[in-house]
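Work out the full structure, taking the sequences as your base and the hints as a guide.
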Amino acid sequence: MNPTQSPKSNLILLLQAWQAGNKTAMDELIPLIYNELHRISRTFLLHNATKVYLMMQSNCLTLNPLGGGKL
1 MNPTQSPKSN LILLLQAWQA GNKTAMDELI PLIYNELHRI SRTFLLHNAT
51 KVYLMMQSNC LTLNPLGGGK L
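Its first residue numbered 1, the sequence shown is counted upward by one per residue in the working numbering.
Calculated from the structure, these hints are not laboratory results.
Don't take every hint at face value.
Distance windows between CB atoms, simulated [to be verified]:
{"no.": "1", "residue 1": "S41", "residue 2": "A17", "range": "25 to 33 Å"}
{"no.": "2", "residue 1": "S6", "residue 2": "L37", "range": "29 to 37 Å"}
{"no.": "3", "residue 1": "A17", "residue 2": "R39", "range": "17 to 25 Å"}
{"no.": "4", "residue 1": "Q57", "residue 2": "K23", "range": "42 to 50 Å"}
{"no.": "5", "residue 1": "A20", "residue 2": "R42", "range": "40 to 48 Å"}
{"no.": "6", "residue 1": "Q57", "residue 2": "Q19", "range": "38 to 46 Å"}
{"no.": "7", "residue 1": "W18", "residue 2": "Y53", "range": "32 to 40 Å"}
{"no.": "8", "residue 1": "M55", "residue 2": "Q19", "range": "30 to 38 Å"}
{"no.": "9", "residue 1": "H47", "residue 2": "S6", "range": "24 to 32 Å"}
{"no.": "10", "residue 1": "V52", "residue 2": "L13", "range": "21 to 29 Å"}
{"no.": "11", "residue 1": "I33", "residue 2": "C60", "range": "41 to 49 Å"}
{"no.": "12", "residue 1": "S41", "residue 2": "I12", "range": "21 to 29 Å"}
Don't be surprised by glycine CBs; every beta carbon is placed ideally from N, CA and C.
Spelled out as structure tokens, the structure:
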């Protein structure tokens, strides 16, 4: 990553390089994308943990309303 470029412009350049056939651009893209998705999901879960837990419980009850047996 070029330190003089913003992360967004560097990402765009890497995407363009990958689209043009530069195989090493993908090796640089994957960690950037993974880290950003991890950051987004962590923030979401920190702010919505209770809602996510309740949704999961609701889904479990919907899939297995009697609490027994195999699905």
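Hint check results:
One distance hint, 25 to 33 Å for the beta-carbon pair S41 and A17, holds here, with the actual separation near 27 Å. Range check, S6 to L37: Cβ separation about 19 Å, and the 29 to 37 Å hint is violated. Between A17 and R39 the beta carbon distance is about 23 Å. The supplied range of 17 to 25 Å therefore holds. In this structure, Q57 and K23 meet the distance hint of 42 to 50 Å, their C-beta atoms being roughly 45 Å apart.
The given range of 40 to 48 Å is broken by A20 and R42, whose C-beta atoms sit roughly 33 Å from each other. Between Q57 and Q19 the C-beta distance comes to about 43 Å, which sits within the given range of 38 to 46 Å. Taking the beta carbon of each, W18 and Y53 are about 38 Å apart, inside 32 to 40 Å as hinted. Look at M55 against Q19: about 37 Å separates their beta carbons, and that is inside 30 to 38 Å.
The hinted window of 24 to 32 Å between H47 and S6 holds, with their beta carbons roughly 26 Å apart. One distance hint, 21 to 29 Å for the beta-carbon pair V52 and L13, is violated here, with the actual separation near 35 Å. As the Cβ distance of I33 to C60 is approximately 31 Å, the hint placing it in 41 to 49 Å is violated. At roughly 23 Å, the beta carbons of S41 and I12 sit within the given window of 21 to 29 Å.
The structure fails hints 2, 5, 10, 11 (numbered hints given earlier, in ascending order).
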